[in-house]
Amino acid sequence: GAVVSQHPSWVICKSGTSVKIECRSLDFQATTMFWYRQFPKQSLMLMATSNEGSKATYEQGVEKDKFLINHASLTLSTLTVTSAHPEDSSFYICRSSDNEQFFGPGTRLTVL
Amino acid sequence: GNSVTQMEGPVTLSEEAFLTINCTYTATGYPSLFWYVQYPGEGLQLLLKATKADDKGSNKGFEATYRKETTSFHLEKGSVQVSDSAVYFCALKGVNSGYALNFGKGTSLLVTP
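In order, the protein sequences belong to chains Y and G. Just so we're aligned: 775 in the working numbering is position 10 of the first sequence, and the numbers increase by one with no gaps anywhere. Just so we're aligned: 328 in the working numbering is position 57 of the second sequence, and the numbers increase by one with no gaps anywhere.
The reader is advised that the hints may include incorrect statements.
As the list claims (entries may be wrong) - With a straight-line cut-off of 30 Å between C-alpha atoms, the simulated BS3-like cross-links for lysine-lysine are:
| # | chain 1 | residue 1 | chain 2 | residue 2 |
| --- | --- | --- | --- | --- |
| 1 | Y | Lys829 | Y | Lys806 |
| 2 | G | Lys331 | Y | Lys820 |
| 3 | G | Lys376 | Y | Lys806 |
| 4 | G | Lys364 | Y | Lys829 |
| 5 | Y | Lys829 | G | Lys331 |
| 6 | Y | Lys785 | G | Lys376 |
| 7 | Y | Lys829 | Y | Lys779 |
| 8 | Y | Lys806 | G | Lys331 |
| 9 | G | Lys364 | G | Lys323 |
| 10 | Y | Lys820 | G | Lys364 |
| 11 | G | Lys376 | G | Lys331 |
| 12 | G | Lys364 | Y | Lys806 |
| 13 | G | Lys323 | G | Lys339 |
| 14 | G | Lys364 | Y | Lys831 |
| 15 | G | Lys376 | G | Lys364 |
No lab work stands behind these hints, which were simulated from the structure alone. All figures in this text were calculated on a predicted structure; none of them were measured in a lab.
The shape of chain Y in the complex, shown without the other chains (with noise of 0.2 Å):
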């Protein structure tokens, strides 16, 4: 069946780094892609909606310039975090608009 994969699984950086997780649909064509972000012990948190070949629509809160989204192909979103920080490590998944089911395994981002 169709899968959403997402790269890397766990990502540890240093503050003030800027880190890229990519979001693939591995055999479907998604022209929307969701991200969110999941505190632990916490529900996920619609971050932005990803459309590609188009500007991402941010929800109410995000910042815009920190968490950059780029949707260049039916295949592929990545999310960088800009200039990451403590506050930052949170766990990042993505969702293809296509079938309810379509997560990514998630992204565990932890910054130093």
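Following the hints, complete the assembly by docking chain G onto the known chain Y.
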């Protein structure tokens, strides 16, 4: 707007006990309703869903019935196993919200031998 309310956990049960996790929702019209499961360190997996009133979703021994009159979608399992220990999220997709999902806060379940 759309919202989902779940019972707070953690829920601790002995193996083979009966499980109920309550979920109620607020939405206009007839949203689609979902239960997701998240095992430690992993992403979300769709457990079951229902798209119209009185539908019953079921999978792996779990069931939930879409109750329009009580705006509920409670998750049940007759006999839990240790391997069911995970966090369970109730979610809805509103009629006019495109593909967006609204999630509840999640309920942690721990099943002990």
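Pair hint outcome, lysine 829 (chain Y) versus lysine 806 (chain Y) [Cα-Cα no greater than 30 Å]: 25 Å, holds
30 Å Cα cutoff - pair lysine 376 (chain G), lysine 364 (chain G): 15 Å, holds
Given hint lysine 376 (chain G) paired with lysine 785 (chain Y) - CA-CA distance at most 30 Å: The given pair, whose Cα atoms are some 27 Å apart, holds under the 30 Å limit.
Restraint check for lysine 364 (chain G) with lysine 323 (chain G), where alpha carbons must lie at most 30 Å apart: This hinted pair holds, its Cα atoms lying about 12 Å apart.
Holds or violated: lysine 806 (chain Y) to lysine 331 (chain G), with C-alpha atoms at most 30 Å apart: Holds. Lysine 806 (chain Y) to lysine 331 (chain G) sits at ~24 Å (cutoff 30 Å).
Straight-line alpha-carbon gap lysine 364 (chain G) to lysine 829 (chain Y), limit 30 Å: 25 Å, holds
Hint consistency between lysine 376 (chain G) and lysine 331 (chain G) [alpha-carbon to alpha-carbon, up to 30 Å]: Measuring from Cα to Cα gives roughly 22 Å; hence the hint holds.
Agreement of lysine 376 (chain G) and lysine 806 (chain Y) with the hint, judged by alpha carbon distance not exceeding 30 Å: Holds - the C-alpha atoms of lysine 806 (chain Y) and lysine 376 (chain G) are around 9 Å apart, at most 30 Å.
Hinted pair lysine 364 (chain G) and lysine 831 (chain Y), Cα distance within 30 Å: 28 Å, holds
Hinted pair lysine 820 (chain Y) and lysine 364 (chain G), Cα distance within 30 Å: Status holds; Cα separation ~23 Å.
Hint consistency between lysine 829 (chain Y) and lysine 331 (chain G) [alpha-carbon to alpha-carbon, up to 30 Å]: At roughly 40 Å apart (the allowed maximum being 30 Å), lysine 331 (chain G) and lysine 829 (chain Y) break the hint.
Lysine 323 (chain G) paired with lysine 339 (chain G) [C-alpha distance capped at 30 Å]: Given pair lysine 323 (chain G), lysine 339 (chain G) holds - Cα atoms ~9 Å apart, limit 30 Å.
Of the numbered hints stated above, those contradicted by the structure are hints 2 and 5, listed in ascending order.
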